[in-house]
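The listed protein sequences derive, respectively, from chains A and B.
Per my numbering, the first sequence starts with residue 1, numbered consecutively.
Per my numbering, the second sequence starts with residue 93, numbered consecutively.
Accuracy of the hints is not assured; some may be wrong.
[To be verified] With a straight-line Cα cutoff of 30 Å, these simulated DSS-like cross-link-like pairs (lysine-lysine) come out:
| no. | chain 1 | residue 1 | chain 2 | residue 2 |
| --- | --- | --- | --- | --- |
| 1 | B | Lys314 | B | Lys271 |
| 2 | A | Lys91 | B | Lys416 |
| 3 | B | Lys405 | B | Lys321 |
| 4 | A | Lys44 | A | Lys91 |
| 5 | B | Lys314 | B | Lys253 |
| 6 | B | Lys330 | A | Lys91 |
| 7 | B | Lys271 | B | Lys359 |
| 8 | B | Lys253 | A | Lys44 |
| 9 | B | Lys330 | A | Lys44 |
| 10 | B | Lys416 | B | Lys330 |
In case anyone wonders, no lab produced these hints; they're calculated from the structure.
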Amino acid sequence: MEGQAPSVQRQRELTHLVRQDCGSCHGMQLTGGLGLPLTPEALKDRPFDGLVATVYYGRPGTAMPPWQSIITEQEAAWIVRQLMQGFPEEKR
Amino acid sequence: MKLIFAAFAALALVGCAQSPLRGTGDLGVVIERADGRIAIVDTSARAVLGRVEGLGDLSHASAVFSRDGRYAYVFGRDGGLTKVDILGQRIEKRVMQAGNSIGGAISQDGRLVVAQNYTPGGIKVFDAETLELLSEVPTQSKVVGLADLAGQKFAYALFDKGEIWVSDLSDPRHPQTQKFPAGQQPYDGLVTPDGRYYMAGLFGEDGIALLDTWQPEQGARKILENYGKGQEKLPVFKMPHLRGWAVAGNQAYLPAIGRHEVLVVDKGNWQETGRIQVKGQPVFVMARPDGRQVWVNFAFPDNGWVQVIDTLKGEVVQTLQPGKAILHMEFTPRGEHVWLSARDDHAVSIYDTRTFARIGTLPAQSPSGIFFTSRAARTGF
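The whole structure should be built from the sequences, with the hints applied where relevant.
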C-alpha cells in the first residue's frame, strides 16, 4: 500500500488535519489523550497495514472513527508513514 | 523639555501593569492552543489587554477562576497547572502535576483546585493559594467530566471503568470516595446549575448516566436510553463536551452521539421530549445565560457552522458561519454577546445574540477555549 504520495498542497492539508483534528483526541503533539499516543515510539511495534486500516475504517467499539469520508486509503497510508517516522510540524 | 518629561511620565504609567485600579468581572482568558499562551481579554472594551506565555502544551486546555476573579487556573494537556494573575498579566505559580491532563475544577469555597488526569489516571488535589499537592485519588482509568459539588465534593467519570466517582474533600488530605456504576465509556460529565444532578454522557452506548448527588444512595441511573434506536452511528470526529450545561425552563438540551441531533429532556422526570435536527455532530450545546437561546457548534468537518435554537419555538432559528474551525463559545456574563473562537482563522468573533450581527473580531493565534471570570461564581464551571 505504498501508493503515490499526496501533492505538496494536500500534504499540508493532511498535516493540519492530523495535528488539529486527530489532535483533539490524540493531542496536538500526538502524545495521546482520550486516544492513544501516536508517536514513533508508541507505534514502532504496530503493523503498518493494521494502522492504515484503523485510520481508514475506524475501530468499532472504540472512539476511533472511520476517516474514509474525509481521506483516501493512500492518504491514510501517507499519514501512518509520517506518524511512524515522526510527524511533521505544521508550517506557519 | 516639558514635553519630554510628559512623554516619560506617560511611559512610566504605561509601564506599570497594575494601575489604574480595576475589577475583573468583565475579563477573561482565551487559550492560544498552539503557542502555550493565553490572551487576557476585556469583554466591555472588546479588546485584548495582554498576553501571558509559557503555559506549555495547551492543545486541550481549560480554565477555572479563583472566587475573587483575579486568578485563572489553566490546565494544560501536558499536565501543567498554571495560576495566572489576570490583573498582573503574569504567571503566579506553575506546577507539572501529571503526564497527560484534561482539565480541572475549583471547590465551592475556592480553597482547593482539583486536576483530572489521563496519565496517570486520577484526580489530584491542590491548595489553590500555593498549588501545594494535598492528596490524590488514583483511578486506573482516564478521568473525564470533573465537576465541583456542594460540600467540597467533586464528581467525575471513569472512561475505562464505566463508573462515576464522588470524592469528598472536606478533609483535603484524606479524600473519601464513593463509586457508582454508570455505563460504557463515559466521555464527559456535567453538573446542573444547582449542583444537584451529575450527568455523564456515554460513548459506548446510547444514553446518559444520571446521579442525584442529594440522594447518592439511590445510585446512578440511565436516561435517554436507546435514543439511537439501534441505528448505525455516524462517525464522531470529535467528542462532544458537556461543560456548557444547557437548560431553559424545564428543558435540558444535550448533544446526541453519532447523530446530528440535539436531545431535549424534561428536567422534572428526565424523559426525552424531543430532538432537534442540526447541521452536524454537536460538540458544545450551550444556553445563553437567560436560557432563551441554545447555541450549538459542531465536530469536524462541520466545524465552520454554528446554529442557534430558540427554546420557545424548539427549533433552529439561525445558522451562522462565524469562521473556520469554531472550537468554543462563551457568553458574556448576562448573555448580550457571545465570543467564538475560530481556530483556523486565528480570530475570535464576537456576535450580538439578539441581532446575530457580528460586532467585532479580535486576532488570536489558533484560539480554542474562551473563559470569562463570571465562571468563578457558577457551580460546575
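* Do the alpha carbons of B/Lys314 and B/Lys271 lie within 30 Å of each other, as the hint requires? -> Holds. B/Lys314 to B/Lys271 sits at ~16 Å (cutoff 30 Å).
* Holds or violated: B/Lys416 to B/Lys330, with C-alpha atoms at most 30 Å apart -> 16 Å, holds
* Do the alpha carbons of B/Lys271 and B/Lys359 lie within 30 Å of each other, as the hint requires? -> 24 Å, holds
* To do: Would you mind confirming whether the straight-line C-alpha gap from A/Lys91 to B/Lys416 stays at or under 30 Å?
  => The given pair, whose Cα atoms are some 18 Å apart, holds under the 30 Å limit.
* **Pair hint outcome, B/Lys314 versus B/Lys253 [Cα-Cα no greater than 30 Å]** => 16 Å, holds
* To do: Would you mind confirming whether the straight-line C-alpha gap from B/Lys330 to A/Lys91 stays at or under 30 Å?
  => 23 Å, holds
* Asked: Taking only the CA atoms, is the gap from A/Lys44 to A/Lys91 under or equal to 30 Å?
  -> Answer holds: A/Lys44 to A/Lys91 is near 26 Å, not above 30 Å.
* If you draw a straight line from the CA of B/Lys405 to the CA of B/Lys321, is it 30 Å or shorter? -> 26 Å, holds
* Are the Cα atoms of B/Lys330 and A/Lys44 separated by 30 Å or less? -> 26 Å, holds
* Asked: Can the restraint linking B/Lys253 and A/Lys44 be considered satisfied, given a maximum Cα separation of 30 Å?
  -> 28 Å, holds
Hint check: no violations occur; every hint is consistent with the structure.
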